[in-house]
Amino acid sequence: MRLSDHRHAFFCRHETAHLTVYSSSILLLTMSSLLILKTRICLKYISPLFNPSTAGFTPLNNVISKLSVSSRLLCTKGGSRHAGNNRKEDRQREFNIRERLPFPKSVFAAGTAKRTAEYQKKRAEEEPDFPRKNKRVEPPDHPLTASEWKSLKLTSPNPDRFDVRMISSMLADGTDINVAKSLLAYVAMDTGTLSYELLLRYLTLCVGSGHHSEVFDMYDIMRSRFRTLDTGASSLFIKGFSRTERWKEALTILENIKRAITPSPRNYGDTIAGAVLHGDGDTAWALYAELMEKGLIPNQETWQALFQCGLSHQGHEDGLQAILLHMRDNQIYPEETLAKDIKAWFDSLPEQKWIGSWSTVDPRGVCRSCQAELESIQLSREEYTQLKDRVMGDVIQGRDVFNKTTPEELESFKNFVKRKPAFDVVIDGLNVANIGIKGNQSQTVDSNEVVETSSRMINGNRMHLSSFSSVIAKGLNTYVNKLLEVVSELERQGLVILVLGRKHMQRPSRSWDRHDMSLVQQKAHCFFTDNISEDDPFLLYATLHSGNHCNFVSRDLMRDHKACLPDGATRRLFFKWQRGHQLVLSSYTPGKRVRFQRILSYDTIVQTNGGSWHIPYDENGAERCTYEVPQKWLCLTNAK
Amino acid sequence: KDVPLPQSKADQTEEKLDLDIWKSVMRLQVPGVEEEEEEKLGGEEGGGDCAAGGVTGQEEISPLEATRELVVMWRHAGKLVPETMTDEELGILAELQTKSSKKKYLKYLAVKEGHKKSHKQKQEKKKAERSERIQEDNRIRPGGLRGGGEEEGELRNTFLLQFWGRSLDKLLGWRSAQAMVFGQPLVFDMSYEQQMTRREVENTVSQLMEVEGWNRRAADPFHLHFCNLQPDGGYRRELVKRYGAEAWERLLVTSTERRHVDLFPRDDLVYLTADSPNVLRTFDNSKVYIVGSMVDRSIQSGLSLANAKRLKLNTARLPLDDFLQWETGAKNLTLDQMVRILLTLKERGRWEEALEHVPKRKHDGFYQEKPQQD
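Protein chains in written order, with our numbering: chain L, 52 to 691; chain H, 1098 to 1471.
Because the hints were derived from the structure by calculation, they are not lab data. These figures come from a predicted structure and were not determined experimentally. Treat each hint with caution, since some may be false.
Stated by the list, open to error - Residues on chain L that point at chain H, a partial pick, calculated with CB under 8 Å:
1. Ser233
2. Ala239
3. Asp268
4. Ser275
5. Thr279
6. Asn582
Ideal Cβ positions, reconstructed from N, Cα and C, are used throughout, including at glycine.
Build out the structure end to end from the sequences listed, making use of the hints.
Take a look at the structure:
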């Protein structure tokens, strides 16, 4: 391990002490076989090539496997010799934030959260799922006569609302429509009428299975029978009608819905799809304009319909481009099916030779298909100022300045930031200090050290047992070590550092060693908030205040702070800035070089420069969290 | 595309199976179901002016009318909506913007209506039982006076008249009056009206009434203070409405629009809030505890702590984690639970007893041994 020169002596001492403690604590743990530690949730990097066969690999095994035989006799658990991933590292290479790391993915990459969750689930004990009691009626598989229905009803354990429950289970099973008809016939003959509820469910069955003439009949019956229709029936009729030649009537039904409530995006989507299906592009676009005007969020299927419409009829090119720009403005990503339609539409454009290809983007922000450089993740000057004001106004102050801080503290913080030079990196002290307390990342501690210290420990030499336990406790919990390591690493790169923390960090305690803390304060500027104040908002503001070059170190996804922002546009701005400026510790191993996950240099958003379009899209079946961005791109270039 | 009907085996049976018979049955019927429904929902037009039958050819109708129709049809569709609605409720419903908020409000009304109905049914059942008992008595002893222990008109030998509720009220009234003079103050901070919706204010007032009731029945009541109570605010309006103007005037609590910091020395005040970093270890008889009277269905954390910070007051939270194996639910308790805990502490001073009032669903029992004092 290379160390900066002027701290060399101290560091050696510090390192060995740390290793001593660490190894002995591991020994102690293994001896008492307290191996079942609760895993803490941490955004551990999991490679996309994650091999499930190594999932059971524990860090302890790795350490134990390197222990000498004598010390291994003490362990109740043997370790495999072949565990571990021996990634070669060039220790001579200077670390740099912007440098390409062996870790290709960031926390913001789509699917990371899902993988992490699965990994956590695998590690957690699986509780058996109790099957829920099924108390539904089984629908018959062929039409029954009235008498058969009657007997079925009488034998059922719960005869009231038998008809509604029966047809509901038919819906769930997708039973043949004639069976439902026979039920309706029985109920009509039995009671002389049919309830609206029953008809509604029957209608759902008809629309679902595409019996159009049946839908028309139902429409006539329900219209004559009831003065108005409820929203559910109207939606079903719209859906049913828009697939047939009577699709224009769906527009009338839509008008009727509008009287009571705003129609749903799906209602609009169905009518638009109907118009497109029957080649009436103008109506479709008029409806789309109305939907947008009402401030509704269109479904992806609606866009799909419009692109398909553009495929069969020329024109409306501006409208379709506007859709793409709308996706850009609202940070919406098309799904794979829609992306295919977009590609098909571009391909179909006459007099223009668009070449579409499915592509990915390399970490430097270059499209692997057309080598074009993608938009930078950096914010423009106006956006930056706007975001800074919003974070100060809404996140820190909010409606009540006392919620997160006090006016005095805010004032002193503002002065502090003004007085100091611009920072290069702002560290969330508590967040960094809390990483991997349990050390569940793979440990690659120097085995000789471990053996030496452990054997020394066994001989009882230079260490009393009483003091030993306290040292172990310190070794497991010494937060400040991690903080110091991160700070030292960043200082080595010659960066101006700010560490944000809370006042209790300054009080010497078991986990906040005074000496280490003073070292941190020598290497970096520090600002400590009150213990009951929030520190994250200050972190965000300090970073924003320092300017565009400044990054912050935290594993926090800042979702609660993002939620304090008033409108979607500002939230998206915040997210973009966060992706471009947040450094996440990829994994922490005591005594090893601190590494960060790479910051993406490009923005994942629908983008064009006239001659080409780059559209990120969500893969089918892949789940993406709100704080993640897709990894796949549709690249469209115009080869004139 | 219509699927042709398959020749099912049922056709050959002696009972001919006509699958479409229900259509003709339905077509023969005349519309006229919703008219009754409309009457039920009430309204200024009386729901009878539906000359324009059918969906088409409708002239413009008022949003209130449209809302009424919506409720009727949702009722038909089996959604959870009330059977009767007042005009005021319909107005509130029409003003709600989104479909989900409408549904939520209707569900609330429906549930309320259900409670009312079941209550009424129980009452009637009791009434019927009572009248039956009276008849029974009359059959056994015609003309005999009813009432416990009357035997053939002979008076019972007792040294007390029947202990009526009125006597108890008088006793508790004296106690409360005594507390008003000598009791330890307990402040309810009513400054959260702005952060609450109408529903939440109603819930808070219900809880405050319970607080007053529990306090009145205690052996050694607190002297309750309702501070920051704005004279023209919704809070006060709701309180007066629920208590009745006369009872509210006679209530043995101090309600004031002044702040608690103006009434008591700042050092004596302790603001109780679940967000506080300090744990309340012992109940101090010389302190004035403040409870923020607020219900937040939409979770707004840290409001009362912010208030306490603003006025530089001491804060404390209950030692729930030290005594209870907390399972689920938020650590903020209702006002009546709070006052019961404080009353128990005041009388006995034992946390285990006091924390019996924490809802059982939220925790998994008490810790066996006393927690380690750090």
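Against the structure, the hints come out as follows:
Using the Cβ-Cβ criterion of 8 Å, the hint placing serine 233 of chain L at the interface with chain H is satisfied: the shortest such distance is roughly 6 Å. The interface hint given for alanine 239 of chain L holds, since its Cβ lies 4 Å from the closest Cβ of chain H, which is under the 8 Å cut-off. Against a cut-off of 8 Å between C-beta atoms, the interface hint on aspartate 268 of chain L holds, since the closest Cβ of chain H lies about 6 Å away. Annotation: interface hint on serine 275 of chain L holds; nearest CB of chain H at approximately 7 Å, less than 8 Å.
Among the interface hints, the one on threonine 279 of chain L holds; its C-beta lies about 5 Å from the nearest C-beta in chain H, closer than the 8 Å criterion. Taking 8 Å as the C-beta cut-off, the interface hint given for asparagine 582 of chain L holds, the closest approach to chain H being about 6 Å.
In this structure, none of the earlier numbered hints is contradicted; all agree with it.
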